[in-house]
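A.B. asks: Please take these sequences and the hints and turn them into a complete structure.
Residues per chain are reported as follows:
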Amino acid sequence: MNGDPKLERIAKGNALALCATGTWTASFAPALERMVADAEKLAGSRPNIFIDVSEVSKLDTFGAWLIERLRRSLTQGTAEAQIAGLSANYSSLVDEVRRVKATPVIETGAITITGMLEQIGRAVAGLSGTVTDLVDMLGAVLAASGRVLIRPRSFRLTSTVHHLEQVCWRAVPIIVLITFLIGCIIAQQGIFHFRRFGADIFVVDMLGVLVLREIGVLLVAIMIAGRSGSAYTAELGSMKMREEIDALRTMGFDPIEVLVLPRMLALVLALPILAFLGAMAALYGGGLVAWLYGGVDPEAFLLRLRDAISIDHFIVGIVKAPVMAAVIGIVACVEGLAVQGSAESLGQHTTSSVVKGIFFVIVMDGVFAIFFASIGM
Amino acid sequence: MAPEIQDPIIRVRDITVQFGSTRVLDGLNLDVKRGEILGFVGPSGAGKSVLTRTIIGLVSKVAGRIEVFGVDLDSSNTSQRRGVERRWGVLFQQGALFSSLTVRQNIQFPMREYLKVSQRLMDEITMAKLAMVGLKPEVAERFPSELSGGMIKRVALARALALDPELVFLDEPTSGLDPIGAGDFDELVRTLQRTLGLTVFMVTHDLDSLYTACDRIAVLGNGKIIAAGSIADMQASQHPWLRQYFHGKRARAVMS
Ligand SMILES: Nc1ncnc2c1ncn2[C@@H]1O[C@H](COP(=O)(O)OP(=O)(O)OP(=O)(O)O)[C@@H](O)[C@H]1O
Ligand SMILES: [Mg+2]
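Residue numbers (UniProt numbering), protein chains in the order written: chain A, 1 to 377; chain B, 1 to 256.
Everything labelled a hint here was simulated from the structure, so no lab data went into it. All the given hints hold, so there is nothing to weed out.
Heads up, simulated EDC-like pairs for lysine to aspartate or glutamate below, C-alpha to C-alpha not over 16 Å straight-line: (1) A:Lys58 to A:Asp4; (2) B:Lys116 to A:Glu33; (3) B:Lys224 to B:Asp14; (4) A:Lys101 to B:Glu138; (5) B:Lys33 to B:Asp215; (6) B:Lys136 to B:Asp184; (7) A:Lys12 to A:Asp52; (8) A:Lys6 to A:Asp52; (9) B:Lys224 to B:Asp26; (10) A:Lys58 to B:Glu166; (11) B:Lys33 to B:Glu166; (12) A:Lys101 to B:Asp123.
Note that the structure is a prediction, hence the values are computed from the model and not measured.
C.D. replies: What follows is the structure, encoded as structure tokens:
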């Protein structure tokens, strides 16, 4: 009963019968398509063409559509091809596909040079938009903070503490581990190269200044952009996708106040703490390597460190932390709220949250460097 | 093929499903016969979706056996499983369309995987499926986020029917459709059952669907099937929930 499908031609005078037999179903679709394409060439060969489907043992949408496709291409001018021998079972299916209009041609966007140039142009033009969005968000966050200051009861303490736990407390192990290792590496490299000049001890100066002023905060900020910035974007983005943010709005809540402010505040508090811990871990790691590898005993290390650095170095480092946190938070929230309906868009915005976050952190660091140099700190 | 007709297409025996300590299904038995449209009802939260997901194999069970097309999905190998999956279609309660693909790509997704057919045929079949579920051809190039709730349901149905399956699981297919659309939908399910010999496992709260589309009705309560039979059996039942369901204000409105 489940024979392979066939389409036989039987000519009688000026009539042509195409007899379809076997199973006309999706599993045989490639073979069916070939047969139908062959038979389509018969269009116009005879004034009377009919397609006999009485011997078809099984028919599904694929088969029914191919028969309908054949009927349409055999219909030319006044000679209309007929479908004959349709059993009652299948007639409603064939009727169903008969109602389908000829398919519109679907154009697929091919990749062209002009298209690529256009994309580059749009991306460049979009840059100014990025900056405006960030400033917008900064304004909205400041306005929300103002409202919270006026009505302290609307401040979301639970949410802030929750996010503080996520971005600060849970980040401590990985931040400490990585900065510790970086401290070790800086010290090792320093000793290795300074030893040639007999200047081993200067590694302490280098380590202290580098870690406190730059590496500590910059490295931690980059790690936090990857760790928490991406999390913020993904959270806000998926809430946007499921209309949760619209729901908040209709209930009279300000999403900035409810969602963005606690996250921003948590980040602004967390980054200085993490930067401090990171700097300490890096100094500890550097000290350890200086002792074990460079033979600088801890007492000498601490004495030298006291001479080499001043409180200024520490302040320069730690002052940058909250600003960088704000930049990371704002970028992450802007990207999160820009997510459109699809999973792909969520992925794109999460990626660009991290990329832009790191980029702006480095830009800010440069701006700070110029500033501190000009005030002589 | 003859003996298979007698066999149930889905055979569920003594399955128990629990989440943590809450037992949702408790020793449930159910047969779905080939070619029938089974309406599945029960109060919200009774476990209808959980049962559907258990049969499909998305929720793991604590005890019991499930056979679909005579294949026990627990002891089957990958190729047997894929063979079964090729023969069923699933419409999830929330639609579950792929959000980063267009409607056309969503419907063609299973075709690409299982059939080796030309792009032209896939496009044409996609249009046919869209027309069948009552959508305009323009919808094909839209993304799921650009569709209304009812349109999502229809596209999800078109995707479930993409491979012309023998068995479809529909989780509340008519919720979110306008009454005319829901009526057309019931009509469509009937047509497909007649023409393709489709077996339908339909979870629904829609009394109209139960009256017009379903051959048999099963009722879930307390983790078990509390009643199964024709609509007349249901109406005659003395079970308090069934009495309320089929003789309540809404039921009277539908019947009158
Ligand atoms: N993943 C899960 N974890 C814990 N509990 C669950 C899970 N999925 C479902 N449940 C519980 O199982 C019960 C049955 O849920 P189910 O979704 O099957 O209800 P339903 O009968 O489909 O209801 P409705 O008609 O509203 O769709 C509910 O009490 C639900 O809370
Ligand atoms: Mg459900």
